[in-house]
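Enquirer: Sequence:
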Amino acid sequence: MLFKIILIILTTAFINLAQSFSINKIEPPNWWVGMKHNKIQLMVYGNKLENVKAKSFSKHIKIKKIHQIENSSYLFVDIEISNRAKAGDNIIRFYNDEKLADINFPLFSREKSKNRFQGFDNKDVIYLLMPDRFANGDTTNDFVEGYYDSLQVIPSQARKGGDIAGIISKLDYIKNFGATAIWITPLVENNTFRSYHGYSATNHYKIDPRLGTINNYKTLVDSAHQLGMKIIMDHVANHIAIDHEWMKNLPMKNWINGSVQNHLPANHNKMSFLDIHSDSITIREIQEGWFTGYMPDLNHENIFLSTYLIQNTIWWIETSGIDGIREDTYPYCNQKFMSLWAKEIIDEYPSLKILGEIWTGESDYLAGYQSGSQFPKYDSHLANITDFALRDALVHFLQGSGSLYEIFNTVSKDYLFADANNLVTFADNHDVGRAMFYADSNVAKFKLAFHILLTTRGIPQIFYGTEIGMIQNEDHGTLRKPFPGGFPGDKRNAFTVTGRNEYENDIFNFLQKIIKIRNDNPALSEGKIIHFSPVNNVYIYFRQLGEDTFMNIINAGKNSFKPNTNYYRQLNGVKFVYDELNERQLSINQILVEGESSVIFKLIK
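One rule links them: number in the numbering used here = place in the sequence shown (from 1) + 3.
Be a bit skeptical, because a hint or two may be false.
Taking lysine-lysine and the DSSO-like style, the derived pairs with C-alpha atoms no more than 30 Å apart in a straight line are [as the list claims (entries may be wrong)]:
1) K251 with K56
2) K39 with K51
3) K346 with K68
4) K448 with K516
5) K494 with K531
6) K58 with K102
7) K221 with K28
8) K346 with K221
9) K605 with K178
10) K65 with K346
11) K102 with K126
12) K256 with K178
Estimated spans, in silico, between C-beta atoms of each pair [stated by the list, open to error]:
13) E529 with K256: 46 to 54 Å
14) F535 with F111: 36 to 44 Å
15) K256 with K51: 14 to 22 Å
16) N54 with E114: 36 to 44 Å
17) K126 with K67: 39 to 47 Å
18) A104 with K251: 16 to 24 Å
I should point out that these hints are in silico values taken from the structure, not numbers from a laboratory. Ideal Cβ positions, reconstructed from N, Cα and C, are used throughout, including at glycine.
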């Protein structure tokens with residue numbers, strides 16, 4: 004009899020243990036009242052959630068549906084937030100026959116500020132920086148227990164210690180340089196191998212502690228807004244890190260494309276989606292291939308994952324108040340999903356802008372990814388895309404393998420785009436060699452390229468360090484060299500005039516001046532372009548807006564150049580020009596442009 008009683012007790016204990024569950028966290032951790040997106044799907048992390056139910060104690064939050072999935076460590080719960088809901092705590096009870104757990108799901112009030120979600124356009128100049136390599140403003144987070152890649156002076160691919168506090172400390176420098184928007188490479192947790200760059204997320208709702216906190220990020224955005232600058236967040240929907248918590252216990256078998264042991268390799272035929280002759284297998288190869296063996300490719304066809312990514316993006320926008328998003332590796336993603344992702348974001352934030360990274364130097368392929376293009380398959384809902392075509396032309400000019408004609412020819416293809424003014428233009432960035440490297444330290448040629456970049460159509464982007472002529476090579480760790488003066492122990496501070504050498508100040512002053520001229524004269528950023536095919540290494544183009552007309556002359560030749568003023572109808576009736584770079588007025592007959600130099604003339608009748 005005693006044996007039977009013990010057996011019953013043990014059996015009952017086993018049943019209770021088997022039915023016991025736990026909840027570790029919920030994502031998103033909160034939401035807001037007054038959002039268009041008021042139907043939210045909660046991703047619940049825990050253990051033994053297979054028979055768990057949920058109910059809300061708030062009359063303004065309804066449980067619409069509970070999704071039990073193949074992995075009982077996860078549960079998905081659809082909720083609807085009433086339009087009458089008010090900010091505050093809300094208890095959602097999870098329970099089964101044996102246990103209950105009450106979880107708070109707070110609703111916040113939306114911040115009211117006209118500076119949030121501003122977007123960006125061709126009136127802006129974007130400054131691109133990589134937090135780990137820009138400035139270290141808080142040395143207490145240089146070493147965080149339990150995190151890979153501790154700070155090291157060498158090798159080049161190691162973490163260097165830059166952080167959000169460092170960016171905040173240099174906002175005045177960026178403002179003084181003339182930039183009006185800052186694109187910051189990803190800040191989310193990257194607790195994995197060689198993760199300083201930020202493109203290997205291990206937690207989608209957390210700032211990497213070596214860079215700071217969410218409150219630090221909000222302070223950065225608010226501080227930039229107070230200075231009249233905008234913030235662009237770098238986002239990655241395509242892949243995660245091999246050390247992401249999902250990879251330890253996948254929510255579903257099809258959460259990622261393939262598996263660690265068996266997956267498609269990277270395929271860089273990025274234009275297969277736009278190619279009307281493509282077979283579906285070629286599209287699958289580009290959209291499902293893994294960038295590397297340690298960057299699992301996300302399966303955007305999984306509806307739970309796609310909902311998660313959309314909500315996560317909206318959560319970051321609303322939390323921080325950013326003005327734009329730069330989306331990494333855009334063509335490698337499932338394009339049906341990306342179109343939906345962009346549409347959902349723009350529906351919630353009509354003024355916010357999304358920049359898609361389309362890495363191809365072919366204008367006709369680039370154009371297909373811009374919203375409003377002639378491509379019949381889909382609408383990307385992307386107003387802004389990266390202009391790698393102009394970048395390639397500028398680099399070829401710097402290298403000497405191309406000429407001003409290639410630049411002219413690239414701009415001549417603007418008819419392919421729905422709006423070429425929305426292209427983000429650049430000569431270098433964090434993924435390609437620096438402009439001065441390609442120019443082989445030819446400062447004169449460098450200045451000509453950046454004169455064009457800052458006065459042609461589009462939204463120019465300057466990579467940190469380019470303003471002081473940083474050179475390096477094409478190795479990622481090397482070209483992303485720490486900015487001198489941003490780190491403890493630096494021998495000099497290139498953020499200051501006295502900390503820069505003559506070479507660096509020459510380049511900085513040139514770029515700063517031409518940016519100021521651009522910022523002060525809307526015709527140079529918004530005006531209509533009228534350009535002429537280069538002759539004898541001279542490229543001439545005008546920009547017109549209202550009553551203002553500016554003449555740009557790019558003389559890449561060795562000899563001085565005097566234009567035939569009777570040839571250009573834009574000069575009819577013009578008696579004087581104001582030389583913006585040299586700050587002087589000249590009569591129309593005095594125009595003479597020295598070899599390997601450029602001018603910006605404001606026409607005066």
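Enquirer: A separate judgement is required for each hint: does it hold in the structure or not?
Expert: These are the hints, each one checked on the structure:
no.: 1; hint: K251 with K56; verdict: holds, 25 Å
no.: 2; hint: K39 with K51; verdict: violated, 33 Å
no.: 3; hint: K346 with K68; verdict: holds, 24 Å
no.: 4; hint: K448 with K516; verdict: holds, 17 Å
no.: 5; hint: K494 with K531; verdict: violated, 46 Å
no.: 6; hint: K58 with K102; verdict: holds, 14 Å
no.: 7; hint: K221 with K28; verdict: holds, 23 Å
no.: 8; hint: K346 with K221; verdict: holds, 25 Å
no.: 9; hint: K605 with K178; verdict: holds, 25 Å
no.: 10; hint: K65 with K346; verdict: holds, 25 Å
no.: 11; hint: K102 with K126; verdict: violated, 58 Å
no.: 12; hint: K256 with K178; verdict: violated, 48 Å
no.: 13; hint: E529 with K256: 46 to 54 Å; verdict: holds, 51 Å
no.: 14; hint: F535 with F111: 36 to 44 Å; verdict: violated, 56 Å
no.: 15; hint: K256 with K51: 14 to 22 Å; verdict: holds, 19 Å
no.: 16; hint: N54 with E114: 36 to 44 Å; verdict: holds, 40 Å
no.: 17; hint: K126 with K67: 39 to 47 Å; verdict: holds, 43 Å
no.: 18; hint: A104 with K251: 16 to 24 Å; verdict: holds, 22 Å
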